[in-house]
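S.K.: We have chain A already, so just place chain B on it with the hints.
If you read the sequences in order, they're chains A and B. Residue numbering for the first sequence follows this note's numbering, beginning at 1 and increasing consecutively. Residue numbering for the second sequence follows this note's numbering, beginning at 242 and increasing consecutively.
One thing to keep in mind: the hints can contain errors.
To spell it out: a stretch of chain B is covered by chain A in this simulated footprint if at least three of its residues, at any positions, have a beta carbon under 8 angstroms from a beta carbon of chain A; those stretches are [stated by the list, open to error]:
id	segment
1	363-372
2	381-391
Distance windows between CB atoms, simulated [claimed, not checked]:
id	chain 1	residue 1	chain 2	residue 2	range
3	A	109	B	329	42 to 52 angstroms
4	B	290	A	225	51 to 61 angstroms
5	A	111	B	261	20 to 30 angstroms
6	B	319	A	109	45 to 55 angstroms
Hints in this document: simulated from the structure, not taken from any laboratory. All C-beta atoms, glycine included, are put in the ideal place defined by N, C-alpha and C.
So the chains spell out like this:
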Amino acid sequence: MRGILPLHLDHLGFAAHGRPLLQGINVRLEAGARTIVLGPNGAGKSLLLRLCHGLLAPTEGKVNWGGGDMLAPDVVGRAQAMVFQRPVLLRRSAAANVRHALALAGMPWRSRRDAALDALDRFGLAHLARRPARVLSGGEQQRLALARAWAVRPQVLFLDEPTAALDPAATLAVELAVQEFHQSGTKIIMTTHDLGQARRLADEVLFLSRGRLVEHASAQAFFKHPTSPQARAFLAGELVS
Amino acid sequence: MDLVAAFTTALGLVAGFDAELLGIVRLSLLVSLSAVILAALVGLPLGAALALSRFPGRGAVVVLLNAFMGLPPVVVGLGVYILLSRAGPLGPLGLLFTPGAMILAQAVLVLPIIAALSRQVVADLWDEYGEQLRSLNARPWQVALTLLWDGRFSLVTAVLAGFGRAAAEVGAVMIVGGNIKGVTRTMTTAIALETSKGDLALALGLGLVLIAIIAAINGALFALGSWAKRSAG
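This is chain A alone, in the form it adopts within the complex (with noise of 0.2 angstroms):
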């Protein structure tokens, strides 16, 4: 399998109606290390992940895969997943959305069962497979999505905003989810609003402000010594824009 990263924002911007709501970030995401973007509401953490996903095109600057070399448009796509806020889940069985998943991805019809039930299984969900998804907890939709994203072995997972609507025990289980993701060797690209998560989860920071990149850090550094005014306004959970 080819790999996409590293990840490399070029002047990357977006404006909609006029207005820019996203404007030169110039960032390099490598393999390996867990990136979580943290800001204030509005700063432009979805749109960022959204942009970097192809969810949506930049109107200004690149988002280049692989370092350089050239990818065809279908392997740097297949080898993301992404996570949202509010689960999107079809009207069928647990087991059936994920082998969905994994026929749009191109599995073969007959390894699909079993890796269906391997990655339900893998988030606890092996007694559910039969349940109509629409009709699970908030907590299982979520961890379905995760085990319906861990199926097609994505190289980067984008979570955006995961355990937003989730309470204390779901957010541990999605939280212990990322974790697996990042010891199977998955990158992750995460944005929270919950600081103490952001904390438990990140190997480097990037904070967004006003649809600016002010500080991209280790977390240590991050959360030891903010240089911007801006995320030190933050961290001291101050209402900063």
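M.R.: Chain B only, in chain A's frame:
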């Protein structure tokens, strides 16, 4: 004429398993169900394609399709008649005044209903599922199949609306079928005929039977739908 006579006639027709009535009911169901299946086979993918594609003039096509939901059956019948008449482009098929012509006419009548309603269902689902499906690298045809399947409970209603329209119309089957006794006589054309002959009790009796059949089919599908919905969330 009174309602009691009509009900008595209706009950007598049903209870007596009148052979002619059974033939008429069978032909009506055969024609309308075939037309709806045909229209669904074309209309569901067409509606999905229209919901998911972007091309210049798409808005106009959607407006036109919605307007065609109200096509007058006699006009559809006339159009199909011209197509199938001896001098028409489909004349050599020899379908005019056969059940085949009636199926074709009702399918044309019902197609815009199924296509327009399924376009709306799929468009709404795309708003909800779009990002996730693009994240999963679904190709356009895979998106269409996924959304049609996930919208299956709403789409049953679209198909039922089409069936209701086909079973109730008289103008199109009258023109292209000709209301030939034992060959192309359906419940609606029989009702029209009996009314014009003045046998109002028989006409009303046939009407009651027609309504009962449509209600039974709707009821069965509704029960099936709610059972499936419960088991699929």
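S.K.: Any hints this thing doesn't respect? Which numbers, in order?
M.R.: 5
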